[in-house]
Amino acid sequence: EPEVTQTPSHQVTQMGQEVILRCVPISNHLYFYWYRQILGQKVEFLVSFYNNEISEKSEIFDDQFSVERPDGSNFTLKIRSTKLEDSAMYFCASSNPGGINLYEQYFGPGTRLTVT
Amino acid sequence: AQSVTQPDIHITVSEGASLELRCNYSYGATPYLFWYVQSPGQGLQLLLKYFSGDTLVQGIKGFEAEFKRSQSSFNLRKPSVHWSDAAEYFCAVGAKGGATNKLIFGTGTLLAVQP
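Protein sequence lines correspond, in order, to chains A and B. Residues in the first sequence are numbered from 795 upward in steps of one, following the working numbering. Residues in the second sequence are numbered from 1127 upward in steps of one, following the working numbering.
In short, the hints are calculated from the structure, not lab data. The hints are all genuine.
In silico contact screen, one side only, chain B against chain A (beta carbon under 7 Å); selected entries: (1) Gln1168; (2) Leu1170; (3) Phe1177; (4) Asn1227; (5) Lys1228; (6) Thr1233.
In the DSBU-like style, the derived pairs of lysine-lysine whose C-alpha atoms are separated by at most 30 Å in a straight line are: (7) B:Lys1175 <-> B:Lys1194; (8) B:Lys1175 <-> B:Lys1187; (9) B:Lys1175 <-> A:Lys836; (10) A:Lys877 <-> A:Lys851; (11) A:Lys872 <-> A:Lys851; (12) A:Lys851 <-> A:Lys836; (13) B:Lys1194 <-> A:Lys836; (14) A:Lys851 <-> B:Lys1175; (15) A:Lys836 <-> A:Lys872; (16) A:Lys877 <-> A:Lys836; (17) A:Lys836 <-> B:Lys1187.
Each residue gets a CB set at the ideal place from its N, CA and C atoms; glycine is no exception.
Same shape as in the complex, but just chain A (with noise of 0.2 Å):
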């Protein structure tokens, strides 16, 4: 069974760092995104891709988070300037364009980043 993929499993950066984190979708979807789950709490929306570009971003997603599909199979979350804050689960998903098929969203297993 197809499945979405993250790497690595788990990251510690220290505060300020660069990191990028690593997705392999699902090889014919088209929709990626990106979610968070700061420990505790709910997962959140932070992005999404379709057709090389940013379809819709949460006000999580500022100046500092990007994305990029850098090639037929990857999909990354880079964040430029890691804070404390930023210390979460990410998660990401995809699904098929088209109606509900949209909304069937499968994800990975995540990347914890810690941030000290």
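Chain A is fixed; fit chain B onto it per the hints.
Showing chain B alone in chain A's frame:
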């Protein structure tokens, strides 16, 4: 704005007992509704979904959920819980017909299963 409430943060049931996890949503029109499960160290796995039609939907692992428009609820049920069901369960809503396809999640319910 859409929102999802899961009133129970933590539930403990005995193995073999029935289970109901509550979910209430706020949305002006008929939403798309989902239940996801997250086992320790794992990602979010889709258990079941409601888009339209029959209000009782069946999912994987023996779970079902019922959409009740009058109560704005989408409660998850299982007639007999297994120890392997211990996990965190998230209800989510999608804004049907809206300009966004993001999912809005509840805070989750952590299920513990005792022997």
